[in-house]
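Chemist: Letter by letter, the chains look like this.
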Amino acid sequence: MNGVPIAWYLTLSAVLFALGAAGFLFRRSIITVFMSIELMLNAVNLSFVTFSYHHKDVSGHLFSFFVMVVAAAEAAVGLAIILTVFKNRATLNIDEVNSMKN
Amino acid sequence: MPIAPDVILFVVFALIAVVSAINVVVQSHPISSALSLVGVMGSLAVLYLLLGAEFIAAAQVIVYAGAVMVLFVFVIMLLNAGAEVKKGRSFMVQLLGVPLLVALLGLVTYFVQRIYSPRESVHFGGFTGGSAQDIGHALFTAYLLPFEVTSVLILIAIVGAVVLARKEMD
Amino acid sequence: MDAFIVITLIKALVVFAVLMTTLAYLQWVERKVIAHIQVRPGPYRVGPHGLLQPLADVIKLITKEDLIPPYVNKPLYLVAPFLAITMALLSISVIPFGPVIEVFGYKTAMQLTDLNIGVLFILAASSMGVYGIALAGWSSNNKYALLGGLRSSAQMISYELPMSLAIAAPLLISNTLSLRELVQRQDGSMLNWNLVHGGQIVSFLVFIVAAFAETNRVPFDLPEAENELVAGFHTEYSSMKFASFFMAEYANMITVSCMAVLLFLGGWVAPWPAKYGSSLAPSLIFGSAGLVALYHGANAARKRDKYTFPVFGVVFLGIAGIFLLPMVQSWLLPLFWFCAKTGLILFAFMWVRGTLPRFRYDQLMAFTWKFLFPVAMLNLLVTGLVVAWVS
Numbered sequence: 001m002n003g004v005p006i007a008w009y010l011t012l013s014a015v016l017f018a019l020g021a022a023g024f025l026f027r028r029s030i031i032t033v034f035m036s037i038e039l040m041l042n043a044v045n046l047s048f049v050t051f052s053y054h055h056k057d058v059s060g061h062l063f064s065f066f067v068m069v070v071a072a073a074e075a076a077v078g079l080a081i082i083l084t085v086f087k088n089r090a091t092l093n094i095d096e097v098n099s100m101k102n
Numbered sequence: 103m104p105i106a107p108d109v110i111l112f113v114v115f116a117l118i119a120v121v122s123a124i125n126v127v128v129q130s131h132p133i134s135s136a137l138s139l140v141g142v143m144g145s146l147a148v149l150y151l152l153l154g155a156e157f158i159a160a161a162q163v164i165v166y167a168g169a170v171m172v173l174f175v176f177v178i179m180l181l182n183a184g185a186e187v188k189k190g191r192s193f194m195v196q197l198l199g200v201p202l203l204v205a206l207l208g209l210v211t212y213f214v215q216r217i218y219s220p221r222e223s224v225h226f227g228g229f230t231g232g233s234a235q236d237i238g239h240a241l242f243t244a245y246l247l248p249f250e251v252t253s254v255l256i257l258i259a260i261v262g263a264v265v266l267a268r269k270e271m272d
Numbered sequence: 273m274d275a276f277i278v279i280t281l282i283k284a285l286v287v288f289a290v291l292m293t294t295l296a297y298l299q300w301v302e303r304k305v306i307a308h309i310q311v312r313p314g315p316y317r318v319g320p321h322g323l324l325q326p327l328a329d330v331i332k333l334i335t336k337e338d339l340i341p342p343y344v345n346k347p348l349y350l351v352a353p354f355l356a357i358t359m360a361l362l363s364i365s366v367i368p369f370g371p372v373i374e375v376f377g378y379k380t381a382m383q384l385t386d387l388n389i390g391v392l393f394i395l396a397a398s399s400m401g402v403y404g405i406a407l408a409g410w411s412s413n414n415k416y417a418l419l420g421g422l423r424s425s426a427q428m429i430s431y432e433l434p435m436s437l438a439i440a441a442p443l444l445i446s447n448t449l450s451l452r453e454l455v456q457r458q459d460g461s462m463l464n465w466n467l468v469h470g471g472q473i474v475s476f477l478v479f480i481v482a483a484f485a486e487t488n489r490v491p492f493d494l495p496e497a498e499n500e501l502v503a504g505f506h507t508e509y510s511s512m513k514f515a516s517f518f519m520a521e522y523a524n525m526i527t528v529s530c531m532a533v534l535l536f537l538g539g540w541v542a543p544w545p546a547k548y549g550s551s552l553a554p555s556l557i558f559g560s561a562g563l564v565a566l567y568h569g570a571n572a573a574r575k576r577d578k579y580t581f582p583v584f585g586v587v588f589l590g591i592a593g594i595f596l597l598p599m600v601q602s603w604l605l606p607l608f609w610f611c612a613k614t615g616l617i618l619f620a621f622m623w624v625r626g627t628l629p630r631f632r633y634d635q636l637m638a639f640t641w642k643f644l645f646p647v648a649m650l651n652l653l654v655t656g657l658v659v660a661w662v663s
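Protein chains in written order, with my numbering: chain A, 1 to 102; chain B, 103 to 272; chain C, 273 to 663.
This is chain A alone, in the form it adopts within the complex (with noise of 0.2 Å):
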């Protein structure tokens, strides 16, 4: 075997994102959530860099690239959030800012 086969990394991505979906939709933490979400960002760029390497075309890096940029910004503006959340609440708990409920 003197190669990784594609499907591999495929695979890979898609158990990361799958992962990165149980965390997003079991926990209870925002800030553990928001990991889950940059989790799945992750196994999506590894999937575009493989694709990229299997039609030895540079865009795929560049759609990655782009990924990163556009999740950096989100993480900025999230973790804001969450820190004016947490001032606002004291909880990170999502189950506890309901208040617009009912």
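The hints are simulated quantities; they were obtained by calculation from the structure and are not laboratory data.
If you only want the chain B side, here are some residues facing chain C, beta carbon under 7 Å, derived: (1) E156; (2) A160; (3) V163; (4) I164; (5) G168; (6) V172; (7) V175; (8) M179; (9) S233; (10) A234.
Built from N, CA and C at the ideal position, the CB exists for glycine as well.
Based on the hints, put chains B and C in the right spot on chain A.
Modeler: For chains B and C alone, kept in the frame of chain A given last:
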């Protein structure tokens, strides 16, 4: 059967990535999740190097692991919220969610295995077009508009973060 | 393939050994320099002129009681110094110390590995070094350590921005990210250095100031100064772990000095070409140092100097003689120029430490965000315009 070094590297770092990702989801204290996520990003950077994406690997470590995750770690340390309390989880969500996720994973894996034959494999050095020159060339010719738009996006994010996080002045 | 592995292992061992010795003796040099700025002798008793002081310090630190307080977060507490020193030492592996040389018939470069993205690798290693400090502050379970750790990490990531922009400007001129090629494009004489020919004075100054802040040195050492915040993030650390943080700080200092030399001062290229006699410069410098030492040995100011200074004089004259041998000149001369330039910048680090008071934290952060970052961006803009106009 001689196994090439890049296969060994892939298996090792893929295992580290998966174990760290499970750790992110399973740990109760956010700081352990954050550090495990740094581990995932580091092992993904090695996988990018194996795929010939040298600039993206460096950008992953500098931007993602070295800046975004530092920001996460900062916020966790500042808020000092402590470990998550394990009450009030909806059982129905877990009952439906786990089989659906496993089904998603199984479907994607099956289709991927069918489409890409094992003969197309990734060798280290198979793709040399991922250097900084190539990325720079493509970034400033074909992808100039997304580049400028993301600059404006970063500016918006900076202004938004500063406005949201400042103290209220009365 | 085997020769490559063996040569690389030997190079790694040599670089590691030299680096560890340099780290220890850099502390001696710093103490002597600061002492002489403050008109006192500095370490003097342990060995001739305090030269065995680093050895005494190492023995003290190793044999000290390694206390792990019971209230700390054990895994993070143990990982933090390890992370700090690993990331600091990792950057040395891509720094080139000299040109390609031939050793026993094997051609090898005086560098552990020449990455195409060498500059990005160093930036990545310094970004990851922030974790060591943040985790040290957090795991110590102590409010002063936490505040010190957070302040230090915020300072390091804030100053990474002007540093990266200051690095980007000479990269625009040299068109390469590989550190070896960066030096090769500054080949020739002092007029070809990026500082002079490329006009990168502003970037050089911005880089040096940002480097002071990145390595937590005076005047930016508020988070770890002994009289502020108890001792900052390393309050709860003792013995070898404490030593790791200090080794990491000195290793970071060496790395940023080497980066400044490679990016702006021409690396191992001599200031004027060899045909005008630059190969004789090291011999002249060491020879005059030897003569000065012999003179001071003859007219000794203190009783002990009557015996130590002549020995130093003879050693320096011997080194001057070694520089005249044509056999070693091909690799010793570039190494000398590289070490001399790096040494000058390290001396500047110590000089500033002995001279300037420290910034307050809000002054420090305002300085980077309101002054240094716009200046670095303007410099990058002007450099880009000039490069586009000239070519």
